[in-house]
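In the order they appear, the protein sequences are chains L and G.
Position 404 of the first sequence, counted from 1, bears residue number 404 in my numbering, the numbering being contiguous throughout.
Position 201 of the second sequence, counted from 1, bears residue number 201 in my numbering, the numbering being contiguous throughout.
Hints in this document: simulated from the structure, not taken from any laboratory.
Owing to the predicted nature of the structure, the values given are computational and were not obtained by experimental measurement.
Check before you lean on any hint, since a few could be wrong.
In the EDC-like style, the derived pairs of lysine to aspartate or glutamate whose C-alpha atoms are separated by at most 20 Å in a straight line are [unchecked claim]: (1) G:K203 x G:D218; (2) L:K248 x L:D259; (3) L:K228 x L:D257; (4) L:K248 x G:D23; (5) L:K142 x L:E202; (6) L:K192 x L:D159; (7) L:K285 x L:D259; (8) L:K379 x G:D317; (9) G:K142 x G:D82; (10) G:K194 x G:E294; (11) L:K32 x L:D120; (12) G:K360 x L:E341; (13) L:K42 x L:E116; (14) G:K17 x L:D350; (15) G:K193 x G:D156; (16) L:K42 x L:E101; (17) G:K360 x L:E380; (18) L:K170 x L:E188; (19) G:K17 x L:D353; (20) G:K159 x G:D296; (21) G:K17 x L:D355; (22) G:K203 x G:D237; (23) G:K17 x L:E356; (24) L:K142 x L:E101.
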Amino acid sequence: MRVLTFGWEFPPSKNGGLGVACYGLTQQLINKGIEVIFVLPKTQETRGNARFVFADQERLLKMVHTDVTPGPYNQAKSTVDVIVGYDKAGNPIVKSRSILEEAHRFAHHASFIAKEEEFDVIHAHDWTSYLAGVAAKLASGKPLILHVHATSFDQAASDNVDPSIYKIEKEAFDMADKVVTVSGFTKEILVKKHHVPAEKVEVVHNGCDTEEPIWHTPVLQNLKNQGKKIILYHGRISIQKGVDYFVKAARRVVDVDPDVVFVISGWGDMKTQVIDMVGEMGLSKHVLFAGALWEEDRDRMYQTADLVVMPSVSEPFGLVPLEALQHGTPSIITKQSGVAEVLTHALKVDFWDVDEMANQIVSSLRYPVIRQQMVREGKEQMKGMSWQRAADKVRQIYQSLLQYVTS
Amino acid sequence: MLTVCPYFHVHQPYRVKPYRVFDIGSDDQYFNDQSGTDLDNRFIVEKVAEKSYRPTNRVLKELLDRHPEFRFNLSFSGTVLDQFEAYAPDVLESFQELVATGRVEILADTYHHSLAFFYSVPEFKRQVEKHERKIKKLFGVKPRVFRNTELSYRNDLAKWCEDNGYLGIMAEGWDKYLGWRSPNYLYRPAGCKKIKVLLKNYKLSDDIAFRFGNKEWDSWPLNAETYADWIHSHHGDGETVNLFMDYESFGEHQWEDTGIFDFLRSLPEMLLRHPDTGFKTATETVQSYDVTGEYDVPDVLTWADTDRDLTAWTGNDIQRDALNAIYYMEKDVMATKNRSIIETWRKLQTSDHFYYMCTKWSNDGDVHAYFSPYQSPYDAYIAFMNALSDLQLRVSQVVAERREKEASTETPHETMTSEEEVVETENVEESVQIEQKVNPVNPPSPRKWWQKILDSIPFLKSPQQGEV
Chain L
1 MRVLTFGWEF PPSKNGGLGV ACYGLTQQLI NKGIEVIFVL PKTQETRGNA
51 RFVFADQERL LKMVHTDVTP GPYNQAKSTV DVIVGYDKAG NPIVKSRSIL
101 EEAHRFAHHA SFIAKEEEFD VIHAHDWTSY LAGVAAKLAS GKPLILHVHA
151 TSFDQAASDN VDPSIYKIEK EAFDMADKVV TVSGFTKEIL VKKHHVPAEK
201 VEVVHNGCDT EEPIWHTPVL QNLKNQGKKI ILYHGRISIQ KGVDYFVKAA
251 RRVVDVDPDV VFVISGWGDM KTQVIDMVGE MGLSKHVLFA GALWEEDRDR
301 MYQTADLVVM PSVSEPFGLV PLEALQHGTP SIITKQSGVA EVLTHALKVD
351 FWDVDEMANQ IVSSLRYPVI RQQMVREGKE QMKGMSWQRA ADKVRQIYQS
401 LLQYVTS
Chain G
1 MLTVCPYFHV HQPYRVKPYR VFDIGSDDQY FNDQSGTDLD NRFIVEKVAE
51 KSYRPTNRVL KELLDRHPEF RFNLSFSGTV LDQFEAYAPD VLESFQELVA
101 TGRVEILADT YHHSLAFFYS VPEFKRQVEK HERKIKKLFG VKPRVFRNTE
151 LSYRNDLAKW CEDNGYLGIM AEGWDKYLGW RSPNYLYRPA GCKKIKVLLK
201 NYKLSDDIAF RFGNKEWDSW PLNAETYADW IHSHHGDGET VNLFMDYESF
251 GEHQWEDTGI FDFLRSLPEM LLRHPDTGFK TATETVQSYD VTGEYDVPDV
301 LTWADTDRDL TAWTGNDIQR DALNAIYYME KDVMATKNRS IIETWRKLQT
351 SDHFYYMCTK WSNDGDVHAY FSPYQSPYDA YIAFMNALSD LQLRVSQVVA
401 ERREKEASTE TPHETMTSEE EVVETENVEE SVQIEQKVNP VNPPSPRKWW
451 QKILDSIPFL KSPQQGEV
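So that you can see chain G by itself, here it is in the shape it has in the complex (with noise of 0.2 Å):
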């Protein structure tokens, strides 16, 4: 028996509009761009949903109820969730048919698409559990298997996921790690008792994902027929192919005169003719078999470009000053218990806005090799920093305010009644525990040895400072 575990993974982020340094004080909507370009989050989200998420559904859905032996996996960031909500419903509607379905499993993700694991583990606990909430609300179910930002993944995230329930992680079957061994076997993870890590086979992944329509490529044009053979050649060799992708791939990345239609829809089809093939969901597939061996990932392990690492997201020195600029402002932002604040600052958290300010390849002139809707990364850089410096401005004045509330009056918090003053009470005083019970556990916070860099950047000596 030969398993197929598709997954496909459906995102958006919130990108900041051009913010200038003027903005700074008077104007606390970082999201709203709306010049019809791709940095107007609206018209991205009707774009691709025209293109990708409503033909995409449609096939899978005709798949799903032409053969009941079809599954697959679904993982959403909650910024994608709320965009479908609030620019496409429709899209939101037909992703909810197809996990009706029952053989559609969603996995568990950050709510946020962020490398929080990587800054602060509370943070990170906190935006899983926000984004187990929003799919229970949305879709009724309960993700039992993880998958972290850019399928990211260290032996201690997996020890994160085991302890914290999970039945499965996600990863990337890299060479590197496996050495001889094959990626379509469940493993261990290194220091690991019960969870079991499923493994990308990148192979056939990508053959899909990036290659399908490169008229370059030796076996282009791949159908569906020939494809099914690759897969069946590992019959006797495997029990599970992963093939983990982007969703939109799927007439985004792979524009539908590639065919890529066509191919999805003949593809269980072919797959299924072989008879000892089939699908599973992630959750059947970790319950179906069992481990073969140890899988060892001290460092940061992703699905990226040729590295696998996270050098496009921490890889230079304003990727590195953004992120620690945000994650420098934890304590001060949950202190002040304000929840547009808190998702304000969450939802720059989201990777892609690292992305955007990679300079990687920019040497070789070869600056189309990372998409992003900025000019430069330097351009992405500043617009998030002047956000990032108006939202400092925005949490030093509502602790000073919370402090001189609290030290002027006894005014019991019943009485804070205004709109921005509603906080998620459940989420922040159990985040504050969940930061005790979980400290201790940290790996040495990267913060520690940066804080003196970080003091000597004006911007970070913002009047809060000052005040404190």
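This is chain L alone, in the form it adopts within the complex (with noise of 0.2 Å):
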């Protein structure tokens, strides 16, 4: 079998969660046999083929390049810089595009891109990538599955969507034969605010990484020497990650525990406001901006905190507690989140429940037993959710959709 995969992001470039799942879904279909041919719109390193192409690699992973520079998580009129070509010198002519300039771009190169190459099924992630799967079942007449990362209303944290790109996300899903969704709580929002029947949805968690992590020198040891305990907010600052109500719970806490020290890595179009923010609540001894950190930085972050916060106002799945258990760390994550739906051991909170989100924080560490147990039994969870397992589920649906067209 031979998928036609349409993504916006991939290791190593540094994005959201939206690369990684793709890396962790398409390793585990090739692990599986099946061919996988991952489109991306820009030249970039990936990651993954000197552990996952072995002497088929060439063969199982053909990468096909355009020259947008991607940002899946701006609204649809953000731009973008794009070489568009090099001048008499070689230097890059750069010009501004929208994204969704650049979706349309990508569909048009896909139509082209489907009727070279040969495959059974076509499957797109993220909205970026609808349109070039539309495109390819226009041009090829293969079932078409649509992978949904987030929609429109995540990223608005309210109804309040860019109508352009619930646009593009409401007329794809009706091109659509199947539409995958990371979550239960995101196929809710398709079948609510999408009017996708039901029975077209199908809910496969994200899985995660359980390698036992390397472990390094924890940082901001002095802090923890002179007794602070550390939390971690690490993600984007928009409203869709609820950092606004991270730092409101921040400041109840250190009412009654002036000993606790909040720190937010991360980058995003809200951090001006979260910073002033802080000054006007008078945190700013209590918060620490660690700025967006990656790889071991992110990591070594991970395993110095006592307790990760994920505030999302409205997150398909979440990564990031699952992360942070892998280091040996718990959370306390929001009831708006798809990884509440697979992840037992871990405080979960309405995001506007900020007395609640700030009892859990004082509680968990007061009791220490509490966090030691959730990130046993987590751990434990954890090697339940492999991408193995969302590999075997995808490759289901594939083949359903096989039997369809044969029959």
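Reconstruct the complex from the two isolated chains, following the hints.
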């Protein structure tokens, strides 16, 4: 079986959970003998070749490049810089284009690629690739699966969605043969907001990396030596992620326990707003902005923290608590997250319930046994959340569509 | 002759409200949730009264009136009796009517439905005595057969019961300890000389308590005639069929629409159709039959789930932490001699609190295997530990005040007249003596090897320890 896959980002480029998920799933599909042609919009380094290509890697994973700088989490009208060509001196000619334009361009390329390649199924990840998936379906007549990692409603954290993204979502879902969501939470959004028939939507929870990590020397040692506890937020600083609720909870916590330091690791369009908020609430001494942390720095921070908080307002899945667990740190997560459906061993709170969030933070610092147990039992539970299991489900979906086509 | 010994256990805990860390030091009401949800104790008692207690008692009274041979046993936790008095006095009256027939026996139990026997025998004894006083006061009877929380049982518990004058004790008739033998006879607990153990026939008991309404079950729908046949088939290979179950099986665990009340209504008649079949209370049973062998249970046996042990209450770290934290406080709590504090501490010992913290099967995603009013075991633990922290604070304040008073003046006790200071004098002083008496035969307290770990927990490093 051969699958033509469209994606927007892929490790090791520094992006969010989308690339990580595409990587994890693709690798396991290949392990199961499925040939994956992974189409990305832009030439980039890719991870895993050395690991999953083996001798037949080149044949299995074919990269087709276009020339876009990705940025999938932006609104449709936000722009990206694109190299459209080179001048006589060899310097790149840079133009700004909107993500929407890029998604359309990607679709244009996709219809050509679909004619060049031979494959059985089309699989498109995230909204920026939906049009490409639809174009490939129109060009080839092959069945189309759309993989929903997020919706316009998550990004807006409200009903005030970007109409042009919603339009793409709605039309593409109608065109798709199957829609895969990363959680029941997201499936519900599709059914309620996009009016997709429930039977057309399959839930495939993301997997996670369960390998024992490399243990680094912790950071913030001087704070820890002073007996300070470290509470970590890791992720984009945007309205969807609920960092403002995290800061409000911090205020409540510090009122009863001044020996707590809150670390915000990330980047995003709300950063200035959050920095102002921290100042206004008199929390400057208690909140550290660590900037965007990647790889070893990020792991080190996970390992240093006593507790991680994922305060998302609307989180289709949410890899952060699983990454944290892998590094031995328990989490508080919001009930408005997909990962809450599969992770029992975390504290769960409504994003707006700042008081309860603060209660959970202080209580889990007071009674350390709860943190020990969430880590020990949570790690055990994570063993059942492999990408292999996700890939099994995806393969079943492929097969069901092939049967449908041939019969 | 084959007799049936039915026993129904009546219990409701005082559930702890979502008590937040910010409430510590400012709110001493842990059980007064008024949300109208499953954490609202009044709401629950009223709901279960309507679904189970009232209709079931009507049927039981009817049966007692109709069949002079009909007999059964009840046990009550003190916490459910207190809640009946407060929220549903008519339910209590209907139970009193049943007992007044003289054909309904009440069993001994701990007042607070606790696991105290396994943590502190002196405290256990105080709770059993308090329970006995309550039963005497409400029903005018003195229990002679003992059953422990969740039917938990061990050889040394049987020995304790024998030493304290009980004629019988109840336990699960578990294959691991019975081997090829039948639960339908009486046995002698290992290490005992007089007391007899009544073993639950779990197959026949659970057919009613767990399987009755299950449409996937081979024998669904079960009617009383078939069930009576199953019991009659034990003629010749048994003397007593012991059917032990939660009282709430009728109407609450098995809803009315399963036909459970009709089943109950016709069961005695179907059983009595066989000329050689009758009913006996627990005391009648132990007085009628001799033991046929020894029942040797060195480890804790309960009637819970497939493991029949205490892991649903003590299986994980947070459960053990909470249990150890509460029993660690015993000495200080008793030293307050403050009735309200002691009672609150005991309400927090009710086993249900620890059950709500169970994570035994949560890895399978089977979170509904255990009933809990909390959204997660961790929420249950946090509410419990915060309430306990507040209690700890109150205990240390009272103890400090008491010491101060004793040090500064030689005021005699009579002058301490504030309501909070009123003490169940006989109870507390008696208990101090008991402690000295019982301690030597006590199994080594688990507290000792936990000491170090406990000391490292900030929660236990309360101001109180600093002041000592």
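Outcome of the hint check:
no. : hint            : result
1   : G:K203 x G:D218 : holds (14 Å)
2   : L:K248 x L:D259 : holds (17 Å)
3   : L:K228 x L:D257 : holds (10 Å)
4   : L:K248 x G:D23  : holds (19 Å)
5   : L:K142 x L:E202 : holds (19 Å)
6   : L:K192 x L:D159 : holds (12 Å)
7   : L:K285 x L:D259 : holds (11 Å)
8   : L:K379 x G:D317 : holds (15 Å)
9   : G:K142 x G:D82  : holds (18 Å)
10  : G:K194 x G:E294 : holds (12 Å)
11  : L:K32 x L:D120  : holds (16 Å)
12  : G:K360 x L:E341 : holds (18 Å)
13  : L:K42 x L:E116  : holds (18 Å)
14  : G:K17 x L:D350  : holds (18 Å)
15  : G:K193 x G:D156 : holds (13 Å)
16  : L:K42 x L:E101  : holds (14 Å)
17  : G:K360 x L:E380 : holds (12 Å)
18  : L:K170 x L:E188 : holds (14 Å)
19  : G:K17 x L:D353  : holds (17 Å)
20  : G:K159 x G:D296 : holds (12 Å)
21  : G:K17 x L:D355  : holds (15 Å)
22  : G:K203 x G:D237 : holds (16 Å)
23  : G:K17 x L:E356  : holds (13 Å)
24  : L:K142 x L:E101 : violated (25 Å)
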